[in-house]
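J.: Sequence:
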Amino acid sequence: MDISFRKTSLFSLQVGLLLVAVTLFILYMPNLGSVTTEGILLIALAVFISLFIGLRAGLLTALLILFLFGSLYFWNLFFRPSDQLFLFSEATLFYFGLWLIGLVILSGGVYERILQLNQMNLSLQEKVKRLVSIDDETGLDNEERFELELQLEIDRTNRHGESFTVLLYQIDYFTEFKRLYGNEEADRFLTFFSERLHDSTRTTDKKFRLSTEEFALILPYASEADMTIILNRFRQMIGDYDLSNGKTVSFTNHIAHYTVTKEAKIESPDDVLGLLRNELKSYAL
Numbered sequence: 022m023d024i025s026f027r028k029t030s031l032f033s034l035q036v037g038l039l040l041v042a043v044t045l046f047i048l049y050m051p052n053l054g055s056v057t058t059e060g061i062l063l064i065a066l067a068v069f070i071s072l073f074i075g076l077r078a079g080l081l082t083a084l085l086i087l088f089l090f091g092s093l094y095f096w097n098l099f100f101r102p103s104d105q106l107f108l109f110s111e112a113t114l115f116y117f118g119l120w121l122i123g124l125v126i127l128s129g130g131v132y133e134r135i136l137q138l139n140q141m142n143l144s145l146q147e148k149v150k151r152l153v154s155i156d157d158e159t160g161l162d163n164e165e166r167f168e169l170e171l172q173l174e175i176d177r178t179n180r181h182g183e184s185f186t187v188l189l190y191q192i193d194y195f196t197e198f199k200r201l202y203g204n205e206e207a208d209r210f211l212t213f214f215s216e217r218l219h220d221s222t223r224t225t226d227k228k229f230r231l232s233t234e235e236f237a238l239i240l241p242y243a244s245e246a247d248m249t250i251i252l253n254r255f256r257q258m259i260g261d262y263d264l265s266n267g268k269t270v271s272f273t274n275h276i277a278h279y280t281v282t283k284e285a286k287i288e289s290p291d292d293v294l295g296l297l298r299n300e301l302k303s304y305a306l
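Just so you know, the sequence shown maps onto residues 22 to 306 in our numbering.
A portion of the hints provided could be inaccurate.
Below 25 Å or equal to it, Euclidean Cα-Cα: the simulated SDA-like pairs (lysine to any residue) are [as the list claims (entries may be wrong)]:
1) Lys286 - Ile192
2) Lys286 - Arg180
3) Lys286 - Glu164
4) Lys302 - Arg180
These aren't lab readings, by the way, just hints derived from the structure by calculation.
The task is simple: from the sequences and hints, build the whole structure.
T.: Quick look at the structure:
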């Protein structure tokens with residue numbers, strides 16, 4: 022919060038400095054004779070480019086403008102020395118160049134600050150997305166929350182040696198069920214499934230929805246020896262489902278599990294998910 026405030030304050034300061042510099046430039050613009058208007062327009066172009074494209078593009082534009090006015094100065098110096106209205110002095114060209122470079126640097130700084138604030142905003146949005154971790158249809162935690170909780174459990178296991186089990190539960194053909202019977206019936210089934218899932222797990226078990234058909238559970242302190250009983254319970258969890266029109270539908274499922282131990286040297290959630298999804302694929306073959 023404090024860092025965000027400082028960055029915003031610095032951005033406001035840079036914008037203020039740029040506005041002050043533009044005001045002073047308008048008041049004390051060097052007189053370039055008959056090309057004064059063109060000079061103002063070219064400086065405005067360089068500032069615009071620096072403000073919306075970046076400092077490097079602005080500086081390149083400034084160099085081209087200085088080359089143009091420098092060439093104009095020497096051309097008048099050698100070929101039209103008597104045309105005092107059109108000819109501007111070296112001091113005028115020098116001050117014009119200082120204003121040009123200064124305004125470009127200030128506007129480029131504003132552009133860079135906007136980029137930083139935008140990146141910070143995207144980072145904050147990502148954090149909010151991770152904090153808002155509830156799946157609307159089931160009330161279960163979502164995939165972002167699953168990866169966060171799984172990483173915490175992996176770190177705890179690697180530190181203290183306490184094993185836990187991750188279970189991946191796939192409801193077969195739920196996408197087709199939703200397309201066939203509609204969203205309302207699919208929502209009704211998900212409510213039914215969520216209730217069954219809560220009834221079949223301990224309060225310490227953590228439950229997640231990863232995708233339309235895929236659910237995950239983190240079972241703390243569950244060892245491989247416990248999994249026969251647990252898997253049988255989950256296989257029979259849905260059974261027959263009564264539709265709102267009175268018909269009955271039977272769902273099948275695929276379940277994969279992996280017990281994480283300190284000896285397994287698991288480092289990230291991707292390691293576990295890769296093993297589980299490979300196991301589900303082998304069931305499907």
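J.: Next, verify each hint and record whether it holds.
T.: The hints, checked one at a time:
no. : hint            : verdict
1   : Lys286 - Ile192 : violated (30 Å)
2   : Lys286 - Arg180 : holds (11 Å)
3   : Lys286 - Glu164 : holds (23 Å)
4   : Lys302 - Arg180 : violated (32 Å)
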